[in-house]
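A.B. asks: Here's the letter readout for the chains.
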Amino acid sequence: MSRFGLFRAHAIAYAIPLPRLLKVLSGERCYPLPRLPRTVTGVVVWDEQLIPQLDLDRLLGCSVEVVGQAVYQVLVASECGILALSADQTCGIVAGESGELVTVTDKANPGITGDFHFQGAVFHILDIDSLAIDLTQ
Amino acid sequence: MTQAVARKLIFRLGGVAFSLDLSFIVEICEPDTALLDTSCADTDAGIVGSLSFRNTKVPAIDPALVFDLPASIPYSAKTALLLNSSEGNWALLVDRVGEISQADKFKPLVIPPLLRGTIGGSYSQVELFDREPVVCFEPECFYGATGLAI
Chain A
1 MSRFGLFRAH
11 AIAYAIPLPR
21 LLKVLSGERC
31 YPLPRLPRTV
41 TGVVVWDEQL
51 IPQLDLDRLL
61 GCSVEVVGQA
71 VYQVLVASEC
81 GILALSADQT
91 CGIVAGESGE
101 LVTVTDKANP
111 GITGDFHFQG
121 AVFHILDIDS
131 LAIDLTQ
Chain Y
1 MTQAVARKLI
11 FRLGGVAFSL
21 DLSFIVEICE
31 PDTALLDTSC
41 ADTDAGIVGS
51 LSFRNTKVPA
61 IDPALVFDLP
71 ASIPYSAKTA
81 LLLNSSEGNW
91 ALLVDRVGEI
101 SQADKFKPLV
111 IPPLLRGTIG
121 GSYSQVELFD
131 REPVVCFEPE
141 CFYGATGLAI
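Residue numbers (the working numbering), protein chains in the order written: chain A, 1 to 137; chain Y, 1 to 150.
The set of hints was computed from the structure by calculation and includes no laboratory data.
It cannot be assumed that every hint is accurate.
No farther apart than 20 angstroms at their CA atoms in a straight line, the calculated lysine to aspartate or glutamate pairs in the EDC-like style are these [said to hold, decoys possible]:
| # | chain 1 | residue 1 | chain 2 | residue 2 |
| --- | --- | --- | --- | --- |
| 1 | Y | 57 | Y | 21 |
| 2 | Y | 107 | A | 28 |
| 3 | Y | 107 | A | 55 |
| 4 | A | 23 | A | 127 |
| 5 | Y | 107 | Y | 87 |
| 6 | A | 23 | A | 55 |
| 7 | Y | 107 | Y | 30 |
| 8 | Y | 107 | A | 129 |
| 9 | Y | 107 | Y | 130 |
| 10 | Y | 105 | A | 55 |
| 11 | Y | 105 | Y | 130 |
| 12 | A | 23 | A | 48 |
| 13 | Y | 57 | Y | 87 |
| 14 | Y | 105 | A | 97 |
| 15 | A | 23 | A | 47 |
Label pairs and their calculated CB-CB ranges [as the list claims (entries may be wrong)]:
| # | chain 1 | residue 1 | chain 2 | residue 2 | range |
| --- | --- | --- | --- | --- | --- |
| 16 | Y | 7 | A | 101 | 51 to 61 angstroms |
| 17 | A | 120 | Y | 105 | 45 to 55 angstroms |
| 18 | Y | 23 | A | 2 | 53 to 63 angstroms |
| 19 | A | 29 | Y | 23 | 57 to 67 angstroms |
| 20 | A | 130 | Y | 27 | 43 to 53 angstroms |
| 21 | Y | 7 | A | 109 | 25 to 35 angstroms |
| 22 | Y | 107 | A | 69 | 15 to 25 angstroms |
Coverage of chain Y stretches by chain A, computed from C-beta distances (three or more under 8 angstroms per stretch; other residues unrestricted) [to be verified]:
| # | stretch |
| --- | --- |
| 23 | 61-74 |
| 24 | 85-91 |
| 25 | 119-132 |
Owing to the predicted nature of the structure, the values given are computational and were not obtained by experimental measurement.
Glycine is no exception: its CB is placed at the ideal position from the N, C-alpha and C atoms.
Just need the whole structure built from these sequences, with the hints factored in.
C.D. replies: Here's what the structure looks like:
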């Protein structure tokens, strides 16, 4: 049985497969550092580690001007290390069977593997490894 | 006999916190106390002009150009840190000077491999100070025998 953690950040609703979801931090700041990849907004400090925070708006092609700090930092495991995603709202952990899974093959957005339709909303299922690889490009 | 304890100065540039070993600092000039002469600027090398310091012209370097950081305040509002080097004194222009603390209060952090590609040689160490990541500023990368090779 697949399960997802559901989150919202600005105009984006996204789903993380539960095995990839490590921790949700509340009220942790994201700090800028010089010369970060263009798809990284800053770093979050967790357990004395620097965690790159991905710029979801840029990665997923949204043009939303973000002001201020996110409420939550969602830590996820990728093959290349831990990454952070910002979120303004947590929408719970749900079973895949409680909604409808739709496979998406959007070559423009390889970071999205599918959509999860749940209670009238569409959450993009993120391919964490693909997003991590994008950092190295 | 007391032993000298290594200390570091925190300064800020484009929203980023940096630490600098206090042993490099000759003097700190507050904004507007030293006039920047921009007639000898070489922005490719990060040199934005020169400052008069103790009857000598010293190069003034804006590391924000090398670090690709946004220009948050005008040069007239910047603080100049006069630093020593094997090539003589030089001025480092920063947005704001913060506190001075003992070096052992800074805890080294590992830079994630995913970030090393773009960071390149512009800095090699980040430390944790008061729960905030702080970039270790390496003056020798900016001025001196091996300077400006980033």
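A.B. asks: Next, verify each hint and record whether it holds.
C.D. replies: The hints, checked one at a time:
1. Between residue 57(Y) and residue 21(Y) the CA atoms are separated by roughly 24 angstroms; this puts the pair beyond 20 angstroms, and the hint is violated.
2. Distance check on the hinted pair: residue 107(Y) and residue 28(A) sit about 19 angstroms apart at the alpha-carbon level, within 20 angstroms; holds.
3. Our distance criterion of 20 angstroms between C-alpha atoms is broken by residue 107(Y) and residue 55(A), whose separation comes to about 27 angstroms.
4. For the given pair, residue 23(A) sits about 17 angstroms from residue 127(A) by alpha-carbon distance, which is consistent with the 20 angstroms threshold.
5. A C-alpha spacing of about 31 angstroms is found between residue 107(Y) and residue 87(Y), which places the hinted pair above 20 angstroms, so the restraint is violated.
6. Taking the CA atoms of residue 23(A) and residue 55(A), the gap is near 18 angstroms; set against the 20 angstroms cutoff, the hint holds.
7. The straight-line distance between the Cα atoms of residue 107(Y) and residue 30(Y) is roughly 29 angstroms, outside the 20 angstroms bound, and the hint therefore fails.
8. A distance of roughly 30 angstroms separates the Cα atoms of residue 107(Y) and residue 129(A); the hinted pair therefore is violated under the 20 angstroms criterion.
9. Between residue 107(Y) and residue 130(Y), the direct Cα distance comes to roughly 10 angstroms. Compliance with the 20 angstroms bound is thereby established for this hinted pair.
10. A distance of roughly 31 angstroms separates the Cα atoms of residue 105(Y) and residue 55(A); the hinted pair therefore is violated under the 20 angstroms criterion.
11. Under the criterion of a C-alpha separation no larger than 20 angstroms, the hint pairing residue 105(Y) with residue 130(Y) is consistent with the structure, at around 8 angstroms.
12. With a CA separation close to 15 angstroms, the supplied pair residue 23(A) and residue 48(A) stays within the 20 angstroms bound.
13. With a C-alpha separation of about 13 angstroms, the suggested pair residue 57(Y) and residue 87(Y) falls inside the 20 angstroms cut-off, and the hint holds.
14. A hinted pair counts as satisfied when its Cα atoms are at most 20 angstroms apart, and residue 105(Y) with residue 97(A) does not qualify at roughly 51 angstroms.
15. Among the hinted pairs, residue 23(A) with residue 47(A) is consistent with the structure: their alpha-carbon atoms are about 11 angstroms apart, no more than 20 angstroms.
16. Residue 7(Y) and residue 101(A) have their C-beta atoms about 57 angstroms apart, which keeps the hinted 51 to 61 angstroms range intact.
17. About 51 angstroms separates the C-beta atoms of residue 120(A) and residue 105(Y), a value consistent with the hinted range of 45 to 55 angstroms.
18. In this structure the hint that residue 23(Y) and residue 2(A) lie 53 to 63 angstroms apart at CB holds, the actual value being about 57 angstroms.
19. Range check, residue 29(A) to residue 23(Y): Cβ separation about 30 angstroms, and the 57 to 67 angstroms hint is violated.
20. In this structure the hint that residue 130(A) and residue 27(Y) lie 43 to 53 angstroms apart at CB holds, the actual value being about 51 angstroms.
21. Between residue 7(Y) and residue 109(A) the Cβ separation comes to about 49 angstroms, which falls outside the hinted range of 25 to 35 angstroms.
22. At roughly 23 angstroms, the beta-carbon separation of residue 107(Y) and residue 69(A) lies within the given 15 to 25 angstroms, and the hint holds.
23. Closer than 8 angstroms: that is the beta-carbon criterion, and the stretch 61-74 of chain Y has 3 residues meeting it against chain A, so the requirement of 3 holds.
24. Restraint check on the stretch 85-91 of chain Y versus chain A: 0 residues with Cβ-Cβ distances below 8 angstroms, three needed, restraint violated.
25. A stretch counts as covered by a chain when three or more of its residues have a beta carbon under 8 angstroms from one of that chain; for the stretch 119-132 of chain Y and chain A the count is 8, and the coverage holds.
Hints 1, 3, 5, 7, 8, 10, 14, 19, 21 and 24 from the list above are not met by this structure, while the remaining hints are.
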